[in-house]
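> Sequence:
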Amino acid sequence: MRTCIAGAVLVTPNGLLEGHHVLVVDGRIALITPREEIAEEPGTEVVDATGLVLGPGFIDIHCHGGGGRWFHEDPLPAARFHLEHGTTSLLATTILHADAREQVEALAVAADAALDPAAVNVVGVNMEGPFLHPELGAYREWSRPARPQEYMEYVRASRGSLRWMTIAPEVEGVTRMVDDLQAATRGALTFSVGHSKATRDQIRALMPRGLRAATHLMNATGAAVEPARFGGTREVGVDEAVLLEDSISAEVIADSEGAHVRPDLLRLIFKVKGPERTLLVTDCTAECGGAGHEGPADLNFTASGGLAGSSLTMDRAVANFVRHTGAELAQAWDLGSRVPARLMGFADRGEVAPGLRADLVLARWDGLSLKIEDVWIDGVSEGGRHD
10 MRTCIAGAVL
20 VTPNGLLEGH
30 HVLVVDGRIA
40 LITPREEIAE
50 EPGTEVVDAT
60 GLVLGPGFID
70 IHCHGGGGRW
80 FHEDPLPAAR
90 FHLEHGTTSL
100 LATTILHADA
110 REQVEALAVA
120 ADAALDPAAV
130 NVVGVNMEGP
140 FLHPELGAYR
150 EWSRPARPQE
160 YMEYVRASRG
170 SLRWMTIAPE
180 VEGVTRMVDD
190 LQAATRGALT
200 FSVGHSKATR
210 DQIRALMPRG
220 LRAATHLMNA
230 TGAAVEPARF
240 GGTREVGVDE
250 AVLLEDSISA
260 EVIADSEGAH
270 VRPDLLRLIF
280 KVKGPERTLL
290 VTDCTAECGG
300 AGHEGPADLN
310 FTASGGLAGS
320 SLTMDRAVAN
330 FVRHTGAELA
340 QAWDLGSRVP
350 ARLMGFADRG
360 EVAPGLRADL
370 VLARWDGLSL
380 KIEDVWIDGV
390 SEGGRHD
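One rule links them: number in the working numbering = place in the sequence shown (from 1) + 9.
Think of the hints as simulated: they come from the structure by calculation, not from any bench. Nothing here was measured: the structure is a model prediction, and the numbers come from that model. Ideal Cβ positions, reconstructed from N, Cα and C, are used throughout, including at glycine. Hints are supplied without guarantee of correctness; some may be wrong.
[To be verified] Restraint ranges, calculated between C-beta atoms of paired labels, are given here:
| # | residue 1 | residue 2 | range |
| --- | --- | --- | --- |
| 1 | A193 | P51 | 47 to 55 angstroms |
| 2 | R168 | M216 | 24 to 32 angstroms |
| 3 | R373 | P272 | 35 to 43 angstroms |
| 4 | R373 | M161 | 27 to 35 angstroms |
| 5 | E50 | Q191 | 45 to 53 angstroms |
| 6 | T59 | P236 | 53 to 61 angstroms |
| 7 | E181 | P272 | 35 to 43 angstroms |
| 8 | A356 | N23 | 42 to 50 angstroms |
| 9 | G315 | R243 | 20 to 28 angstroms |
Whenever a hint applies, use it, and build me the whole structure from the sequences.
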């Protein structure tokens with residue numbers, strides 16, 4: 010099968026390229042050129058992309074649901090919802106549950122999606138908890154110490170699909186758990202510090218063991234010493250420790266209101282971590298795209314008024330990051346595609362480049378928002394949506 014996406018504005022890590030043609034053959038990007046002749050070859054389906062932006066599919070490593078569905082309950086509609094918004098790879102992310110039995114059941118459903126060919130964009134599972142600080146997060150009352158009899162059940166329930174886990178390094182049993190799970194998964198699991206009041210030393214102790222990221226930086230984080238030892242000062246908390254460690258990548262949630270991360274803090278994170286260690290995530294919940302959602306379009310709240318994930322999609326996160334930080338579109342897009350691809354170890358996606366999978370997004374960009382026109386996975390058109 011040959012498809013030529015013709016005349017697009019191409020998103021690259023180095024900026025936008027006007028008027029390029031991308032030839033896709035049998036699911037792979039075969040050629041990128043400004044020459045029009047490739048669209049004229051016999052048997053080639055031509056997609057007129059004049060004036061539209063063509064970039065790599067988005068990769069969301071932290072997504073709980075969408076379209077009115079949770080990944081731990083009804084994953085296929087949630088996966089489809091995000092695919093139509095340009096997310097061609099995602100980790101189905103579980104939330105905290107009250108006990109180990111419920112957590113295992115939720116993990117098993119998410120793993121089903123990761124192993125189901127029908128969920129074409131679900132590439133693994135992410136567990137956000139339950140081994141988190143008991144004072145932080147929307148479901149903090151269900152945080153608990155790490156016990157081998159519980160966490161080894163999670164390995165079995167995930168059936169090889171568990172790729173990511175948020176942990177609080179200071180929680181009882183977590184250090185042993187990290188070692189046990191790395192052995193059980195043969196090093197395939199990435200750990201991310203979040204919902205935590207860990208010291209810098211506690212974080213650094215786990216970095217050689219697979220701690221490589223920070224979960225939604227500037228959200229649900231604190232310091233080991235609270236209040237500060239000296240009035241009018243602040244201690245080094247998780248956020249500061251992550252900013253200091255060059256090898257730790259930072260998730261950020263760029264919602265429209267700057268609620269999860271204030272715009273100036275987004276700028277600070279991007280300035281310190283740079284374009285290789287900053288990545289966009291949605292932390293999206295079932296409320297996104299569901300009936301009856303109230304309030305700002307991409308925010309969710311608990312009954313007490315606290316933030317509880319988001320109603321973001323990756324196309325909106327990219328646009329919000331541009332608006333809040335002044336970054337170029339190509340820079341922001343990169344944070345939602347190439348950067349997470351490299352962090353996940355995906356060498357075959359994340360950029361529009363010859364030889365890579367044709368996971369692509371075609372969108373209309375007006376300087377404020379992205380309107381998805383079409384999405385391809387492995388060169389197969391999946392359609393898009395504009396809402």
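> Now look at each hint and say whether the structure bears it out.
Here's how the hints hold up against the structure:
1. Hint check: A193 to P51, Cβ distance near 53 angstroms, so the stated range 47 to 55 angstroms holds.
2. Remark: the range hint 24 to 32 angstroms for R168 to M216 is upheld by a beta-carbon distance near 28 angstroms.
3. Between R373 and P272 the beta carbon distance is about 24 angstroms. The supplied range of 35 to 43 angstroms is therefore violated.
4. Taken as a hint, the range 27 to 35 angstroms is violated for the pair R373 and M161, whose Cβ atoms sit roughly 48 angstroms apart.
5. Checked against the hint of 45 to 53 angstroms, the pair E50 and Q191 passes, with Cβ atoms roughly 49 angstroms apart.
6. Distance hint check for T59 and P236: the Cβ-Cβ separation is about 59 angstroms, which falls inside the suggested range of 53 to 61 angstroms.
7. A hinted range of 35 to 43 angstroms for the beta carbons of E181 and P272 is consistent with their spacing of about 37 angstroms.
8. With their beta carbons about 19 angstroms apart, A356 and N23 fall outside the hinted range of 42 to 50 angstroms.
9. About 22 angstroms separates the C-beta atoms of G315 and R243, a value consistent with the hinted range of 20 to 28 angstroms.
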